[in-house]
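From first to last, the protein sequence lines are chains A and B.
Under the working numbering, the letters of the first sequence match residues 1 to 289, in that order.
Under the working numbering, the letters of the second sequence match residues 290 to 442, in that order.
Hint data in this document are derived by calculation from the structure and do not stem from the laboratory.
All C-beta atoms in this analysis are idealised placements derived from N, C-alpha and C, irrespective of residue type, glycine included.
Fair warning: there could be bad hints in the mix.
[To be verified] Here are some, though not all, of the chain B residues that point toward chain A, as calculated from beta-carbon distances under 7 Å: (1) Thr306; (2) Gly340; (3) Ala341; (4) Pro342; (5) Gln351; (6) Glu416; (7) Gly417.
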Amino acid sequence: MRALAGFELIRPKTLVGALEALDTLELAQPLAGGTDLIPTYRDLGCRSKYLVDLGLVKELNGIFEADGFIQIGPMTTHSQVINSSLIKKKARALHEATCLIGSAQIRNRGTIGGNLCNASPAADTATPLLVHDAEANITSLDDTRWIPLQDLFSGPKMTILEPDELLTGIRLPVVSGGSSFMRIGRRKGFTLSIVNAAAYLEREDDRVGEISIALGSVAPTPLCIQGLDELQSGDMNDGFIDVVNDICLDQIKPIDDVRGTAEYRRDMTSVLVRRAIRDAWTSCGGVLE
Amino acid sequence: VIFELNGRSVEVDVPSTMTLLDMLRTELGVTSVKKGCEQGECGACTVLIDGAPMTSCIILAQQVEGCRVCTIEDFVDNPLMKELREAFLENGAVQCGFCTPGMLLSAYVLLRDNRHPTEEQVKVAIEGNICRCTGYVAIIEAIMDASQRIATD
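Go ahead and model the full structure; you've got the sequences and the hints to work with.
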């Protein structure tokens, strides 16, 4: 049938080896789990002459806690994220989102870094990480730096990564609040999000200490909602949720596509924002009337 | 590439662009691994790599260097797989049979890790295995049945 063609596979064992390959080889591209890249190449042909497989680079894999951060290697598979008790306990939204990605076969192969660098506006790992204030570590042979995760995305399926740069780490601060992930797709499982929403809340008795919301598949990139800081110390009630919802609707720019219309996405944004806020609130011990 | 296939060490000379699926079928003659969508969606090409189910159509052959790859043939004498096979037959969970090797491998991993799954857990485990014949009901019943059988053993 449709055979793959046109590339040579390189399998460096170290991060330096991978960075050198990307730096020196013409038209080289990193390969993470391949669950998006290989099917795309089969359909559209290969634009790269070299695929640099990061699967053997041990320092890019794993989850650990250090210096007040949860650090996640970009080559950590979705299954590893799901099985991490640290993520389940301290970044619930990411755990729940990851459980909904692909199928068991895809979760065993696909990676969190691949999901982010593929830069789909619908990426299910992006919104939970955004509400958890995640940062991305970008590394080339000359330089390494941390940037807010939001800045990694420059458009649909586009990142700010230069050809010689790699996403080499993801970190999120260890926090005290609760988070939630909600999505709507055509089916319950193994499907792309038509809209997804993540919420993070800190509770001070019946008041909201801090709140952040991120939305997927309603803008050219996963979207972290701005301007929620001013709402801090509001009472948690329907009126508060309405205000947050209005702020979200002001900032999304949904489009019509094969999976849904812009109008449907606007309506579902409201549904999911409400569900996610309520669920995050309950998850940190809050009560709703 | 040198790897372990169903407990035997094998060495095959393959180009960068060959998938694990094509290597298994054309270079090694393992035709129980089916070629369906070639997109990682249908699960007919499911194999176990180091014990975890993955779709071999979107994995490059050279990437299994040093890995343990298992296909349905590795489980001929496996007691859990024997229960699953019998439950599939008795519950009418096999019609054309194209999805069956992949379906059995996904079901095997589920019951290996969780002997008493709920129906919901069964559905999640076989989400990545498409069947165009049965409508899934018989397959889900067969897996639940096999789970009962191993409980009473």
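These are the hints, each one checked on the structure:
1. Thr306: Given a least distance of 4 Å, the restraint on Thr306 of chain B holds.
2. Gly340: violated, 10 Å
3. Ala341: Result: holds, 4 Å to nearest chain A Cβ.
4. Pro342: Hint holds; Pro342 of chain B Cβ to chain A Cβ min 5 Å, cut 7 Å.
5. Gln351: holds, 5 Å
6. Glu416: Where the cut-off is 7 Å and the nearest Cβ of chain A is about 5 Å from Glu416 of chain B, the hint holds.
7. Gly417: At 3 Å from the nearest chain A Cβ, Gly417 of chain B passes the 7 Å test, so the hint holds.
Of the numbered hints given earlier, the model fails hint 2 alone.
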